[in-house]
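Asker: Chains as they are written, first to last, in my numbering: chain A, 1 to 112; chain B, 1001 to 1931; chain C, 2001 to 2504.
You may find that some hints are simply not true.
As the list claims (entries may be wrong) - In the SDA-like style, the derived pairs of lysine to any residue whose C-alpha atoms are separated by at most 25 Å in a straight line are:
{"id": "1", "chain 1": "B", "residue 1": "K1103", "chain 2": "B", "residue 2": "E1349"}
{"id": "2", "chain 1": "B", "residue 1": "K1549", "chain 2": "C", "residue 2": "P2444"}
{"id": "3", "chain 1": "B", "residue 1": "K1549", "chain 2": "C", "residue 2": "Q2059"}
{"id": "4", "chain 1": "B", "residue 1": "K1103", "chain 2": "C", "residue 2": "P2444"}
{"id": "5", "chain 1": "B", "residue 1": "K1871", "chain 2": "C", "residue 2": "Q2059"}
{"id": "6", "chain 1": "B", "residue 1": "K1871", "chain 2": "C", "residue 2": "P2444"}
{"id": "7", "chain 1": "B", "residue 1": "K1445", "chain 2": "B", "residue 2": "E1349"}
Read the hints as simulated data drawn from the structure, not as lab findings. Since the structure is predicted, the reported quantities are computational estimates derived from the model, not experimental observations.
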Amino acid sequence: MEILFSVTVAVLVGTGIYLILRARTFPVVMGLMLLSYGVNLFLVAMGRLHSGLPAIIKEGVDYTDPLPQALVLTAIVIGFAMTSFITVLALRARGELGNDHVDGTKDREPGR
Amino acid sequence: MLLLFLVLLPFLGSLLSLWSAHQSRSVCTWLTAVAPAVGLVLLLSQGPAILAGELLTVHWRWIELLGLSLSFRLDGLSFMFALLVLAIGLLVILYGRYYLSGKDSHGRFFSLLLLFMGAMMGVVMSNNLLLLVVFWELTSLSSFLLIGFWGHRSDARQGARMALTVTGAGGLALLAGVMILGHIVGSFDLSMVLAAGDQIRAHALYPVALVLVLLGIFTKSAQFPFHFWLPHAMSAPTPVSAYLHSATMVKAGVFLLARLYPALSGTDLWFVIVSVVGLSTMTLGAVVALFKHDLKGLLAYSTISHLGLITLLFGLDTRLAVVAALFHIVNHATFKASLFMAAGIVDHETGTRDIRVLSGLRHYMPVTAALGLIAAAAMAGVPLMNGFLSTEMFLNESLQQNVLGNASWLIPVVAVFAKVFSVAYALRFIHSVFFGPRPGELPKKPHEPPFFMRAPVVILVVLCLAVGVLPALVVGPLLAAASASTTLAPLPEYTLALWHGFNRPLLMSATALILGVGVYAKRQVMFDLWNKLPPLSAPEVFENTLHHKLIRSARWVTRTLENGRPQSYLLLLFVFTISLAGIALWPLANLQGSRPLMPLDFPTVAVALTIIGAAFATVLLHHKRLVALLFLSVVGLGVALAFARFSAPDLVLTQLSVEVVSIVLLILILYLLPAHSPRDSSYARIGRHVAVATAGGVGLGLLTFAVLTRPFDSISSFFLEHSVSGGGGTNVVNVVLVDFRGFDTFGEITVLAIAAIGIYGLLDGMRLFDPKRRLLRNFSREKHSMLLSVLNMPLLPLALLISVYIFMRGHNLPGGGFIAGLITAIAFILQYLTNGLQWTNQRLSDNFHPLVAAGVLIAGLTAVASWFFGKPLLTSAHDHFHIPLIGDIELASAMAFDLGVYLTVVGATLLILQNLGKLKPLTGEQTEGGA
Amino acid sequence: MMAHWITFPVLLPLATGVLLIFMARASLDAKRAVSIISTLVSLPVMGVLVAQAMGGDYQVYALGNWQPPFGIVLVLDRLTAMLLMLSATLALPALLYGIRSDDKGGRNFHPLFHFQLMGLQGAFLTGDLFNLFVFFEITLIASYGLLMHGAGPDRTRASLHYVILNLVGSALFLIGVGTLYGVLGSLNMADLAVRIAAVPAGDAPIVHAAGLILLAVFGLKAAMLPLYFWLPSAYSSASPSVASLFAIMTKLGVYSILRVHGLLFGEQAGPLEDAVDRWLWPLAILTLVFGAIGVLGARTLKRVVSYLVIVSVGTLLAVIATDDADLLAGGLYYLIHSTFITAALFLLADIISAQRGETADDLVPSRPLVQPRLLGAVFFIGAISVTGLPPLSGFVSKAAMFVASAGAGYAPVLWAVILLAGLVTLVSMCRAGSTLFWNSTAEPPQGRGADKSKLVAALFLLIMSPVMSLWADPLLAYCGATAEQLTNSAGYIQAVLGDTGGME
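So that you can see chain A by itself, here it is in the shape it has in the complex (with noise of 0.2 Å):
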């Protein structure tokens, strides 16, 4: 279990690291998405892995870690703001520049 969950975190992880190194913001937003898949599930594990163990208390029952849960809500939460925030940014850059390469214009000499 323990493996299969870590290829899991893996294949996403790496996914998204592919997809954020493309040149067009489309394809960058998606590549954060997956990443922060893989970070949250890697966030949960860090609890350890339980099954059909409730967070909820009720006597005599063994729990689940929360903090962790918590943690990832913060993240999940945070990261749908960020997440919103790229996908306008990106739109308005599509906008402002006229194309969707991560680059912007290119015709611009760097340096300056």
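With chain A fixed as given, assemble chains B and C onto it according to the hints.
Answerer: Below, chains B and C alone, put in the same frame as chain A:
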């Protein structure tokens, strides 16, 4: 007190002359002259005491922790230099009043001059090495402004830049050297440093310190190979040259040689370096001077040569060398200042400084000619002039010394050789300019300058003669005091007199004089030889080769690194992080920890495979954006399922709702972006990226596995124990969010709020690229699917009800403000999508700013409320309530906090999406650049 | 009430921001008034905090009354107080400058500005690693908004790069924190420090890796080699007030390294001690070198200043890497100095370029300025200070660092690099100055003189330099005490966790 005043006077004066800039020229001049005049009087008032060998010091604290204090000293050496600085400064001011044209701002010029004078005074009077460095750098800075006074001229800019670069660099070296000295001695206090000579010389760091300090000195005193800046500083107004290059700026270097003589000298290292550098500089300067056609250029190189002579003297290991050096410093200051002024007069009255053009000026300006003649004679070391005496002493010492071992004989020989040339160029300065036939066409009709412009020259020349004839009477005591305070040792016997009888030095002088005349007579031969040499001009070397090449390569480096391509930045970020983490993980003995593995089960495998498959599909199909997006959402759902599988119900709900909203957002955006990504990366690049991606994925995978399989105890048990009792909720995750770690959540909704207003700012007045108007149609067309809207009518209230439910149970069961908020938001979004913007806006406020703010505000108030119960921020309270339908719940103050969360989420989401909907495409068509 | 002062640096800007959002549709002047008032109010508050921290005892504030390591704590020590004061003092002129022009450029300048402050100050205060992440995100999202403020192609491009990089950075931050939690089971920094000491040798590499991942995250923020390439375009294209405020953003990264790594991988970390410094030293030196090269090669004044920011980061990181308390004292003084002076230069560069027409701040001959004398003098002072020439704060900090490190083993490298960087700065400032103020074309100056308030804002920042050198002694004393407090991580842990050591 008086000492501090002496140093401060010029600075005050500089303000005064700046203030009087708008007065008439004369008023400005007189006001400027006040400071040095008063200073001179005060200084002389101390004369008797100093000449009697007293040492005056004052001390104020400035930065104790660094050992940097405002402490000044006045002894023979600093007295002598202060005298030069003030007296010659005064003459230069007088001279400058007539030299400068009406266009130049006198106020500015004089204030800069006084600024420089103050810095010089500070250098010569500092009793703290660090303080000395401070003033040292100030001289570089103020001289930069003086040399660049005519900044509109490119040669002035260049000269100024060169001077500051070279001397500034030297200053840095000096700073380092002084730091080491301070480290060795344990104090920057000059008196202590001078007393600690043996300790310094014995220390392991002595060579380093010595070299660094000497670097500072040589750059300042224009010693070979750092001499090149000085000739180009000649683009400064002549008064400046007369001041900087006779008495002050360049003398600062040799002053420091004298000042630190007791602390640093006396080792072979010192003798060899100083003497060799001095010797080569003296020779080089003397030779080159002869071939300069510009009057000031000639004087510049002669200055270099004489500074070399002085340096050489400090490098000689004989008894009287130091006395000779100090003596020559005074003499050089007097005759060189007068020569510069004379050259300036020529320039001023004829409009040119080119020796080849000038000739027979004695017919027009006999007095000036006479003055120039005497000064030049002093420079050449002709008897009856002061220059003669110090040169004699120098030659005498050159015979006594033994610093170069077997090669010591070189020094006197080279000395005579150099002297030959100095005679020759002195002759050229006089003969070619003032004698010979009347000149041809000159820019101006030459005539004598106004009396007061000549007056300073007269005074200086008289001094030259006075010293030359009656040395013992005129400078004897001063020299004695200076020498004594320099060596800090009893002076050897010596006599200052015009006549020492026939001796070898006299012989050497005589030969030099005769040969010099010969050389001058045969100069044409020399010039032909010289012109055969490859031309080598300092600005060429410095500006083009050094400067520009350096800058060009710097630009190249910058361009290659900071190439404006985020792809390479990201690549670097990934590679950097992965390799660091990898190297750290390498020594990990066993990857798998002791924790038993969980068994696999089919549903999990299925979910995992879905995620993996969808993720790969997203990548492979990312060129077809819509398709890729669909697969992306599948991944999202898969992740939600994974959360469900590993008992994280809250995460499931959150993940799902976020997923929906984000995907909706992305789809909206996609309407406005190209539907396809062109394949524009080379296979090589793709290969690189795949490699990095794999490394990253595998790396994190291994890390995950390593951690997962390790046993672990965390602080969470505490949360489980206190959730009900302390947090008043059985949904521990939610309690952690709104109570234990409420501060995080507080920050999190702030992020959301900021994002909302940030995005609002982005969308505001955004120029849309898309000529196709799909989004607009989608959002604003009024006729829409009947069915959907019919479904939607009841959907909204229903959704709202659900969210209220989710919200209320949140504290005890999976749910909570955030999820509820998103559900509400989704419901509204559906309204937009189906009923269109206008329709919805008629029924709904279109400004969500207050909603967002209210959300954060409520959360904040809840947090602050606890203060009034004397508890820290965010402390929660809770109690039982019975609410129909939902049942008996424990209502915690944290729920008010959660309400804030809810409102913020709704507000933020709607603010974003609604304004997206409002976007108006450009009417002006644009081309699909790049896409 | 005194106990709650510590929360003001977070709550005050937050409240201001919220209020300003409410006022979204109100008049600009009203917003400006609120904005300025809040900034003014924050100064005395910070003063109180500095006064509280000066004595040298830590102030620990348990949020939600949950004792550490379980709840989140705010910790106030000398360093935090100093940085809070710095940020508040920096904010005032930046805002003043913004009010004269930038805030018209787009929506919500003022709320974003205050949220930015909230994020910075919260990050300086928090004693919890995950909470630090949250505050990082607040600063980031606010900075995204501010950076894009006013838009324009260059700005948009720079923002795009900045945002993408930092989103990845945030992901890495989560990985780092997660790993630490996964191995050590805590989030409170002090508690983590304690637990690291007890970590079994088998798990040490994992912790080490987490530490280095966080180094990359903070390095990205601090603009450390090889992660600084986003900075020059971002800072030189941002609106001046934003750029000057950002002068402290890189310092946040530096602070995080100083705090987190200093605490977690301090002397109590056993085998993992200086596991990070080992990497930090060469990286810092290289950052300095390449920063200097950038300064030399820059073609516009704003880019010169941007690279000067990188030089300052390199210097600071090098100082931190040596792990030498005396040197750190000088370093902290330098931190304050470099923040003020670079901020001042950003504003100055804008004032100058405003008078040069379309040539703006390109370092090429152009029409003469309207106020060459005035601006020339001001620029000269700024150049002296940033170059580290006497008698201004730049020189004092350099001297302080040298005095502290004289004779040390690392001194030759450190001195050589710092001095060379100084020389390069001298050359570049020389070039820049002589081009901007002397080498002007024949055409007559156009336009009006600089706006008074803008000038005041720039001067306010510039004046700090002589002031810092006049009162160097008390300031250096404070920095010394701060450094001494920082090197004693045991004291911090003791203060946060009490005697329990927080293991249970």
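Asker: Flag every earlier hint the structure violates by its number, smallest first.
Answerer: 2, 3 and 6
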